[in-house]
Amino acid sequence: MRGDRGFPVRLRFTKRGKVRFISHRDVARAFERAFRIEALPLAFTQGFSPRPRVSFGLALSVGYESEAEYLDVELAHDLDVDALPATLSAALPEGIDVTGAVALADRAPALQESVTAVEYDVVVERDDGTVPTADDVRRTVDAALAAETLAATRRRKGRDVVEDVRPLVRAVDVVGPHEHGVRLHLELATQPSSIRPVEVVAALGGLAASRVLRTRQLIERGGARLEPLEADPRPRALEVRAS
Amino acid sequence: MPSLWPRIEPLLARVEKPARYIGMERGSLQPVHRHDQVSWLLVYPDTYEIGLPNQGLQILYELLNERADATAERSYAPWNDLESELRAAGLPLFSVDTHRAATDFDVLAFNLSAELVYTNLLNCLDLAAVPVRSERRRPEHPLVIAGGHCTYNPEPLADFVDAFVLGDGEEVVGEITEVLGAWKRSGRTARDGVLRELATIPGVYVPAMYDVEYDGQALVAVTPRFPDVPEHVEKRTIADLAEWPYPRNQLVPLVEVVHDRLNVELFRGCTRGCRFCQAGMITRPVRERPAEQVRTMVREGLRRTGYDEVALTSLSSADFSGIDGVVGDLVNDQDGCGNVGLSLPSLRVDAFTVDIASEIQKVRRTGLTFAPEAGTWRMRQVINKLIREEDLYRAVDGAYSQGWRRVKLYFLVGLPTEVDEDTLGIAHLARNVVEIGRAHTKQASCTVSVGGFVPKPHTPFQWFGQNGVAELGRKISLLRDDLKGSRAQVRWHDPAASFAEGIASRGDRRIGAVIERVWRAGGTFQEWSEHFDLSRWLDAMAAEGLDPDWYVTRHRHEDELLPWDHISAGLHRDFLWHDWQEALRAHGLPDCRWTPCYDCGVCTDYALEHVVASPVPPAGGSQGTGQDLDTGHVVPVELRARVREVTSAR
Ligand code: SF4
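In the order they appear, the protein sequences are chains B and V.
So the mapping is simple: the working numbering equals the position in the first sequence, first residue as 1, plus 5.
So the mapping is simple: the working numbering equals the position in the second sequence, first residue as 1, plus 3.
These are calculated hints, taken from the structure and not from any lab test.
Positions of the beta carbon are idealized from the N, C-alpha and C atoms, including for glycine.
One should not assume that every hint holds.
Derived list of chain V stretches under chain B, where covered just means 3 residues or more per stretch with a C-beta under 8 Å from a C-beta of chain B [as the list claims (entries may be wrong)]:
1. 24 to 33
2. 254 to 261
3. 529 to 536
Sample of chain B residues facing chain V (criterion: CB under 8 Å; computed from the structure) [as the list claims (entries may be wrong)]:
4. 27
5. 38
6. 67
7. 68
8. 118
9. 149
10. 175
11. 176
12. 180
Please build the complete structure, drawing on both the sequences and the hints.
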């Protein structure tokens with residue numbers, strides 16, 4: 006029916022606790038094994054060495070936690086998508102929990118291109134390791150964002166380059182004190198290129214990020230801000246008509 | 004005891020590959036420690052990526068945790084970056100399972116698979132805040148135990164390890180646990196008492212219970228200090244592998260490691276009789292796992308782990324009775340799990356059939372490795388690896404014809420009686436292999452991997468003087484020059500590292516001080532070329548007044564007391580010496596699985612026998628399979644079945 010494309014599904018999952026130290030690639034392998042453990046057949050690419058069709062969204066740096074990671078995968082045949090979160094979570098390492106799954110429209114745009122904004126919870130301290138007050142941090146943030154530009158040192162192809170990242174910083178809110186510093190909430194744009202929250206925090210001046218939690222990814226399309234699970238669902242029209 | 008995780012966690016943000024230290028593998032456990040249990044920390048003294056797949060360690064981890072009176076966790080040598088962070092933060096070596104301090108455990112048990120990790124053992128002890136020398140330890144310190152192949156010459160580590168375990172660990176870990184449990188219950192009094200009790204367990208060697216005497220350079224006596232301490236310590240052997248279907252829950256690491264696949268052990272032991280091979284000599288006799296149990300372990304292992312590759316492991320996988328059937332079944336039974344790759348490490352070329360080749364290649368085509376070990380028939384007679392040139396060519400022809408493009412060949416240089424003609428014979432074989440490959444595909448290539456031979460204890464070559472650094476280097480250059488411009492690529496092992504390995508392999512107790520000096524001079528991770536420097540070893544030898552050549556390049560006499568003569572793998576010294584003389588005459592020796600026993604000592608002394616399901620040797624010509632050991636040609640011989648009823652899986 007769908008030819009070799011299989012049945013695309015989008016999953017949302019967490020990466021919390023110790024498992025945040027594994028790489029993007031390790032997460033992909035853990036998912037592949039989880040699908041095999043649960044005997045959920047994946048659609049494979051054609052060719053000399055067939056690979057499952059799996060694609061991830063925005064990379065998450067090693068060491069960051071997340072409540073909102075996504076992955077698109079193609080299954081070899083249709084199945085009850087609502088059962089996937091519980092089934093897969095059981096076969097995944099502790100800290101990686103699948104928290105949502107939807108059947109995806111056939112030609113849904115790739116995650117990597119469609120996500121336009123990401124939100125983070127970040128704990129900051131002073132870059133000498135001492136703990137600032139929330140007011141200190143608020144003043145630093147206000148001053149930095151009031152300026153025309155925000156110069157950040159970014160690592161590009163193994164070299165440090167200084168760039169103005171102000172256009173990528175949508176919002177920096179001081180949430181309040183935290184046992185290891187002060188909590189900030191960041192909203193960063195991912196297009197034309199994404200920036201790491203530690204680079205933004207360092208650019209604010211005198212601060213360093215110690216803990217990073219990605220809280221949300223957003224697809225902004227035609228004025229709407231969509232959660233990736235809602236963005237491109239497979240139409241249920243046929244089932245509706247039949248009932 | 005509290006987990007150190009909250010203090011370790013911030014350090015991990017600053018180190019390379021932090022996932023090495025988080026544990027969390029599928030199959031791993033979070034044991035709750037109770038005071039009435041004996042807690043073991045199983046340590047692999049190399050990186051996580053190398054240590055995690057170690058099957059011996061995983062088997063003991065499961066067996067100990069199954070016991071009501073024991074718990075076990077794991078640890079691996081932290082890389083230098085984390086080590087510095089730990090030392091700066093005042094934190095000790097820790098377990099990856101629940102991140103407990105090493106000193107919270109009753110036992111630190113090290114797996115020793117290679118001599119060059121010895122300095123890492125010292126470093127792990129020091130990082131654990133345990134005195135590196137046994138004599139300095141107090142009752143509250145953990146007991147330091149070591150097992151693995153290197154323990155067949157325990158002497159270089161005799162000053163640092165409280166007790167060595169020889170041979171299969173499955174049964175003896177339980178016996179040790181019981182002794183230690185009683186010791187704990189009695190309030191952990193002086194170490195001497197418990198050590199002496201451990202020394203009476205068969206297979207356990209406690210070096211402090213022995214006096215060692217020298218006369219000048221020569222070792223003259225190793226004597227037990229007490230009447231209940233055995234004069235010779237015999238290895239432990241499990242008679243029937245079918246009773247031990249472990250690991251049941253192979254650990255699945257979250258990061259990539261070596262041998263990252265399901266591993267199922269086909270059999271233990273090997274009687275092909277290769278004279279350079281310590282593993283083959285010390286693990287006799289052959290004990291096969293029933294084929295049905297292999298199938299079950301593969302099926303269940305794949306389902307539990309989610310792996311898409313399985314390796315059937317042993318010292319010579321194609322010798323397994325009915326290997327074709329097992330391979331065929333595995334390849335054709337893939338109940339919807341997707342493609343499963345199969346690898347057969349340690350394939351002998353004379354048992355590698357096109358049938359096996361075509362079955363394996365159905366699923367995945369990685370490189371194929373063969374180990375002819377030596378370049379000429381004469382040299383292969385000396386080492387008793389009686390593979391004919393035709394066997395090799397037939398095997399690689401089979402491989403290339405089934406679609407493989409890359410074949411890897413393993414060789415040793417520096418073997419006894421070796422002349423340059425033998426070394427150049429390697430190049431000759433490699434060129435012909437490439438030629439055969441080119442007949443099938445233009446992209447055919449061949450990698451020649453060359454290692455310097457290091458004589459090992461308990462082999463017929465234990466008396467042989469190893470080639471020095473310069474000589475090994477010269478032979479490798481000879482080979483490289485000869486293969487220049489050919490399609491065979493040469494890779495080689497650093498001769499300097501082989502020299503250091505030689506010091507540790509056949510050293511006596513005096514080498515302990517050398518190992519300690521190398522470690523104190525910063526020489527950890529000696530298996531890693533970026534960390535290895537022979538001058539540290541030579542400086543340490545000089546500082547101890549020891550002559551490296553006396554230890555490494557000197558031929559030993561028949562009547563010389565060897566440092567490991569009080570340790571027994573069941574092999575009679577007479578047999579080994581006789582086989583050494585046969586080697587010098589370039590005489591081969593048959594495989595006793597399929598031909599009459601020549602009484603090497605193992606089965607007769609330990610009342611064991613081979614557990615081999617098939618009375619028929621595998622296809623191809625080789626010792627015991629109808630081959631004239633002098634010419635390599637086939638002669639009719641009568642094969643006598645030496646087969647025991649194989650018990651089925653329980
Ligand atoms: S005792 Fe005999 S049968 Fe057993 S391994 Fe030695 S030679 Fe072979």
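### Query
So which of the earlier hints does this model not fit?
Hint check: 3, 8, 9, 10, 11, 12 fail, others pass.
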